[in-house]
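**Q** Now for the letters of each chain:
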Amino acid sequence: MLEWLTRGRTRVCTLLAIALAAGVATGADLRSGTFKPARAAPEISLRASDGNDLKLTRYRGKVVALGFGYTSCPDVCPSTLFDLAQARAKLGAAGKDLQVVYVTVDPERDNAQRLKAYLAGFDPTFIGATGTPEQLAAARKAYGIVISRENVPGSASAYWVHHSSFVYLIDGAGNIRALLPFGVTVDDIVHDVKALLEPCTQC
Amino acid sequence: MLSSGLRVPAIAILLSICAPAHSADATIRVEGAWARRAVMLKGSEATAGTGNGAVYVALVNTGRKADALLAVTSDAATAVEIHETYQEGGMSKMRPVSRLELRPGTSVELKPGGHHIMLLNLTRDLKPGEAIQLTLDFEDAGKIPVTAQIR
Numbered sequence: 001m002l003e004w005l006t007r008g009r010t011r012v013c014t015l016l017a018i019a020l021a022a023g024v025a026t027g028a029d030l031r032s033g034t035f036k037p038a039r040a041a042p043e044i045s046l047r048a049s050d051g052n053d054l055k056l057t058r059y060r061g062k063v064v065a066l067g068f069g070y071t072s073c074p075d076v077c078p079s080t081l082f083d084l085a086q087a088r089a090k091l092g093a094a095g096k097d098l099q100v101v102y103v104t105v106d107p108e109r110d111n112a113q114r115l116k117a118y119l120a121g122f123d124p125t126f127i128g129a130t131g132t133p134e135q136l137a138a139a140r141k142a143y144g145i146v147i148s149r150e151n152v153p154g155s156a157s158a159y160w161v162h163h164s165s166f167v168y169l170i171d172g173a174g175n176i177r178a179l180l181p182f183g184v185t186v187d188d189i190v191h192d193v194k195a196l197l198e199p200c201t202q203c
Numbered sequence: 001m002l003s004s005g006l007r008v009p010a011i012a013i014l015l016s017i018c019a020p021a022h023s024a025d026a027t028i029r030v031e032g033a034w035a036r037r038a039v040m041l042k043g044s045e046a047t048a049g050t051g052n053g054a055v056y057v058a059l060v061n062t063g064r065k066a067d068a069l070l071a072v073t074s075d076a077a078t079a080v081e082i083h084e085t086y087q088e089g090g091m092s093k094m095r096p097v098s099r100l101e102l103r104p105g106t107s108v109e110l111k112p113g114g115h116h117i118m119l120l121n122l123t124r125d126l127k128p129g130e131a132i133q134l135t136l137d138f139e140d141a142g143k144i145p146v147t148a149q150i151r
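Chain order of the listed sequences is A and B. Residue numbering for the first sequence follows this note's numbering, starting at 1 and increasing by one per position. Residue numbering for the second sequence follows this note's numbering, starting at 1 and increasing by one per position.
Not one of these hints is a red herring.
DSS-like, lysine-lysine: derived pairs with alpha carbons at most 25 Å apart:
(1) A:Lys141 <-> B:Lys93
(2) A:Lys116 <-> B:Lys127
(3) A:Lys96 <-> A:Lys116
(4) A:Lys194 <-> A:Lys96
(5) A:Lys116 <-> B:Lys42
(6) A:Lys90 <-> B:Lys127
(7) A:Lys36 <-> A:Lys62
(8) A:Lys90 <-> B:Lys111
(9) B:Lys42 <-> B:Lys127
(10) A:Lys116 <-> A:Lys62
(11) A:Lys90 <-> A:Lys194
(12) B:Lys111 <-> B:Lys93
(13) A:Lys96 <-> A:Lys55
(14) A:Lys36 <-> A:Lys194
(15) A:Lys90 <-> A:Lys116
Calculated directly from the structure, the hints in this document are not laboratory data.
Only chain B is shown next, with the shape it has when bound in the complex (with noise of 0.2 Å):
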């Protein structure tokens, strides 16, 4: 019979060999994830929303194969969707990604005037110095949680 002592590390290594496959070689490394500055706008929610967020982060895929970002949650936001910015003529449009394409060995940059995550409809004030957390769920390496700094 096994000792208590002998038995948590038996138990945290079955667990390490049975998580998720995607978990144990996840090749995108999230970088320098932040938010911009907002606050909620009260008063006229029913009919306006909240106020509404960005956030910016650089995606590297080290691994050998093609991966895409599919989705974002965060609780400081009713809802969360991938965006991008690009200029026709002469105005700045928007329009929904569905998948961010991370082609292997390269990275992307979610930026100001470029791709975004968004955040609709604020829960709360996003002040400088504080910060959110959001969960990226990629096409092959899951769900990976980031911390967004609000600047």
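For reference, chain A alone in the conformation it holds in the complex (with noise of 0.2 Å):
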């Protein structure tokens, strides 16, 4: 399966249709994208913005947000960093259970203390994770992100990196449950983050 969800851009188009449509079909207990069976994340090995080695097995017990972009993106990246920090919030004694980590797809720009300082922005429990471009990559490839870095003529910024806007939610064992698309409601994050630290019954 997890070959399959590496080969690439169409792969990741039909990977998502797939989880959406199963959402919707079976009426599933989650109200983003589901992922039936549940599969093993796969491990990634980065630096993280707190100065530690970033495993995603440090966060076993933990329902994990894993998403990919970078501190000089103004609309996407800070829209589901605030929707993501406003549920934690919202998960009131249960929001230390939701670990957000955020993977640069800039290297070149972001490094561990600007990833720090950006993601405090939102919330002070936000990991950023960078790496070398090759620890990077294998990341995105990994879990089907996309990125094109791309000059913008008539903008005074130097580059922008398009890129996969959606959110894996990865629960306490590590497995891969939901896939949020860009724009889902906080209600929803906030929904599907309480059913995924409720003990497992049918995983």
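Assembly of the complex is requested from the two constituent chains, each provided in isolation within its own frame, with the hints serving as guidance.
**A** Next up, the structure:
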């Protein structure tokens, strides 16, 4: 399944379509796109914005919201991170069991320190991740994330990095359970994280 | 000879008559402007900039002729551009918008994941509860000052 997942852009779109359709067709207990059966989240090996090595196994027992973006992104990334921060706040005491991990798609401009400052603007518990171009490419490949760096004529920005904007929800056992498309509501994020924090009955 | 009490209102009336035509029949209504919170990123600004922000707003053309948003300025950033986010091939992409058309009797909502005003290289933190000032420059309605609340 994972090989299938990593075979490129069309596969990603197909995967998205299947995940979203499955969520709707089965009236699943998650509101976002679901993965049934759940499959193990590929491990990633990166450098965390708190100075440690970043491995997803570090967060077993928590729900991980895994997204990709960059600090110079003005619209989609801040909207996503703001909504995740709102969701974490709305979860109340359970918020401590939601860990947001945000992997840069722009290592040239985003170092660990910059990621940390950027993410702290949303929620100081959010962890950023960067690494060598090879490490980051491997992480993107494992999660079907596509990027394209483009110079934009007429913009004061040096370049932009177009990128996949969905966010994975990984449960406390390390399984990919849901895919949040951009624009999902804060209430739906809260609902799905709560569902994943319940004792696992059917996975 | 006019008394000084009359002179001031007379000047005011003259000024209002002589003001540029576009301010007299401006037909653009600007509603609900807000900016997303953002922090200035220091330490690597020479190569990576101080971070960016976004402003969202609804623009209503209540008039009978077409207008267009051409440019925006603000002292909260070193450059301000109008952009559009769109989805293509599973990616979120952005493109610059040189003029944002406002057909008569219609409104355009700038919102997350769509059109937005991009603040490039912030000159200050955008803190929730505070506000920033912008000037929106329309082809026909001219310059309209706008206050955007930071959320």
